[in-house]
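Enquirer: As you go down the protein sequences, you meet chains A and B in turn. To convert, count from 1 in the first sequence and add 152; that's the working numbering. To convert, count from 1 in the second sequence and add 152; that's the working numbering.
Calculated from the structure, these hints are not laboratory results. Please note: incorrect hints may appear among the correct ones.
If chains are identical, the list can't say which one is meant, so a pair holds when it fits in one copy or spans any two.
Quick list of in silico lysine to any residue cross-link-like pairs, SDA-like style, CA-CA up to 20 Å [stated by the list, open to error]:
{"no.": "1", "residue 1": "LYS217", "residue 2": "ARG229"}
{"no.": "2", "residue 1": "LYS217", "residue 2": "LEU228"}
{"no.": "3", "residue 1": "LYS224", "residue 2": "GLY240"}
{"no.": "4", "residue 1": "LYS224", "residue 2": "GLY154"}
{"no.": "5", "residue 1": "LYS217", "residue 2": "ASN182"}
{"no.": "6", "residue 1": "LYS217", "residue 2": "PRO372"}
{"no.": "7", "residue 1": "LYS284", "residue 2": "ARG318"}
{"no.": "8", "residue 1": "LYS217", "residue 2": "GLN259"}
{"no.": "9", "residue 1": "LYS224", "residue 2": "GLU167"}
{"no.": "10", "residue 1": "LYS224", "residue 2": "ARG401"}
{"no.": "11", "residue 1": "LYS284", "residue 2": "PHE234"}
Number of protein chains: 2
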Amino acid sequence: MGFIEDTRLVRDGEEHWSGAIASGWDIGGNANGGYLLALAARAMLEATGRPDPVTITAHFLSPGKPGDADVKCSVLRTGRRFATASAGLSSGGRSVLQTLGTFGDLQGTNGPERVDAEPPALPAPDDCAAHKGDSGITSTFMSQVDLRLHPDDVGFKRGEPSGEPRVRGWFRFEDETPIDSLGLLLAVDAFPPTIFNARLPIAWTPTLELTAHVRARPAPGWLRCAFTTRFVTGGFLEEDGVVWDASGRLVAQSRQLALVPRTASTSSDASQLPSPNESTAAKRSRAT
Amino acid sequence: MGFIEDTRLVRDGEEHWSGAIASGWDIGGNANGGYLLALAARAMLEATGRPDPVTITAHFLSPGKPGDADVKCSVLRTGRRFATASAGLSSGGRSVLQTLGTFGDLQGTNGPERVDAEPPALPAPDDCAAHKGDSGITSTFMSQVDLRLHPDDVGFKRGEPSGEPRVRGWFRFEDETPIDSLGLLLAVDAFPPTIFNARLPIAWTPTLELTAHVRARPAPGWLRCAFTTRFVTGGFLEEDGVVWDASGRLVAQSRQLALVPRTASTSSDASQLPSPNESTAAKRSRAT
Numbered sequence: 153m154g155f156i157e158d159t160r161l162v163r164d165g166e167e168h169w170s171g172a173i174a175s176g177w178d179i180g181g182n183a184n185g186g187y188l189l190a191l192a193a194r195a196m197l198e199a200t201g202r203p204d205p206v207t208i209t210a211h212f213l214s215p216g217k218p219g220d221a222d223v224k225c226s227v228l229r230t231g232r233r234f235a236t237a238s239a240g241l242s243s244g245g246r247s248v249l250q251t252l253g254t255f256g257d258l259q260g261t262n263g264p265e266r267v268d269a270e271p272p273a274l275p276a277p278d279d280c281a282a283h284k285g286d287s288g289i290t291s292t293f294m295s296q297v298d299l300r301l302h303p304d305d306v307g308f309k310r311g312e313p314s315g316e317p318r319v320r321g322w323f324r325f326e327d328e329t330p331i332d333s334l335g336l337l338l339a340v341d342a343f344p345p346t347i348f349n350a351r352l353p354i355a356w357t358p359t360l361e362l363t364a365h366v367r368a369r370p371a372p373g374w375l376r377c378a379f380t381t382r383f384v385t386g387g388f389l390e391e392d393g394v395v396w397d398a399s400g401r402l403v404a405q406s407r408q409l410a411l412v413p414r415t416a417s418t419s420s421d422a423s424q425l426p427s428p429n430e431s432t433a434a435k436r437s438r439a440t
Numbered sequence: 153m154g155f156i157e158d159t160r161l162v163r164d165g166e167e168h169w170s171g172a173i174a175s176g177w178d179i180g181g182n183a184n185g186g187y188l189l190a191l192a193a194r195a196m197l198e199a200t201g202r203p204d205p206v207t208i209t210a211h212f213l214s215p216g217k218p219g220d221a222d223v224k225c226s227v228l229r230t231g232r233r234f235a236t237a238s239a240g241l242s243s244g245g246r247s248v249l250q251t252l253g254t255f256g257d258l259q260g261t262n263g264p265e266r267v268d269a270e271p272p273a274l275p276a277p278d279d280c281a282a283h284k285g286d287s288g289i290t291s292t293f294m295s296q297v298d299l300r301l302h303p304d305d306v307g308f309k310r311g312e313p314s315g316e317p318r319v320r321g322w323f324r325f326e327d328e329t330p331i332d333s334l335g336l337l338l339a340v341d342a343f344p345p346t347i348f349n350a351r352l353p354i355a356w357t358p359t360l361e362l363t364a365h366v367r368a369r370p371a372p373g374w375l376r377c378a379f380t381t382r383f384v385t386g387g388f389l390e391e392d393g394v395v396w397d398a399s400g401r402l403v404a405q406s407r408q409l410a411l412v413p414r415t416a417s418t419s420s421d422a423s424q425l426p427s428p429n430e431s432t433a434a435k436r437s438r439a440t
């Protein structure tokens, strides 16, 4: 099945939708966070009667395992241009995530344009590294998406992180389903964590919260994506994403707040990281 | 009254708090968004039993006028380190904002540190420009906060925007109330909009959504703040904030999604902005 089918829900009440966390979207048994967010957002689109998420935030409450899914969604405000709603996704009686979002219609938006950034420079998709997951983790998710990573950002896969907490690459669905504004919510959470390249012991980096701004509907074709981290402090790190479409237009920005892997924050030898400009190759890490 | 007193609420139900949108925090009659967020967050702290917001998002639903305030807050998850809650603030029976946040204890957090950024270089507070609001707008808010703007970023006040959509400066409360983690929620929304320096007609830039990550409790003293915008597209702009304390530590990051002023997006002569590197002094704007 594809992204559209696997985020389909049935409305069975004024504020209630039913469906499933499909089985094809997990990494190590837990559904990808962007997929879960898109699932909840689909109910929010129907509830608000708007075609596009404009800004949406998810707080992740527990892992989402494949199985039944319920979405409870309340519309908080309906305006002329925008409508705001909150939604909770649960599965097996357990809260999986809570979201809050504002929705609108991004078609034909206009206004002055000023862009102080460039899409990331990437080799052609076929000259990048296809990413099909990390060794030792079974991931059905990685068979749904076609990720091509910048060759400079894949060192972590052979235990040689670049030292720059950055991951750049191309994104599309494996079955080439056109990417709509809901698909962008998945794209911003599909790449390996930036911290894999930061010369920290590699481990699960649980996300507390993810916010995505959808700025435009993407043109058909590959998305160009870049994720960076500037601040690893106090056990937290942010991951900032910028997503551009094939026409060179910004289509989404994202930021998530994640926890530094426990193995890193409790390991005394990792308590002082190399500074950003230090070039010593520290091969402490191993993709797991 | 000060920030602490003016965000005080009385719990009058399991999920219900009462208080007031105090009269000293408005700009042109509408309470500052950061103040309103702090008011709602105070109930969330009590509901979750945690001392600090870690990541919190607000969607602004209608202007908050001074008057009665009700906060309805539900705890969604209580974990060992973190708890997540949602809250709605209403006034006069009208929804003012909805928030979703995760709370914890930021004291004594530790882990590896890696910071790829520097606090903004600012002249000493007394060598910066005290900002007491914009001409023509009555603001009680500006008498509560002590903002000192970077001299390079105040050109918009005399109709000469710098051309860089950036505002940097110092922040403290006028009465020198120590800034706690709740005060940071106000600090990230206290400065003039970056777009005032972008050579666009200056007008109200309504915020749809604001997300703040609180990374540490601030040390006593001035906060060093920088707000920048990289993308003005499709009628939207983001404003990214970074806040550092007097010890040189990152204490907060913020991002808001705002609407480009209508006067700009509908004016044909503003539909093509000067490119970021263009140095022509276009004096179309006037602080209002």
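Enquirer: Kindly indicate which numbered hints from before are broken by the structure, ordering the numbers from low to high.
Expert: Of the numbered hints given earlier, those the structure breaks are 4, 6, 8, 10 and 11, listed in rising order.
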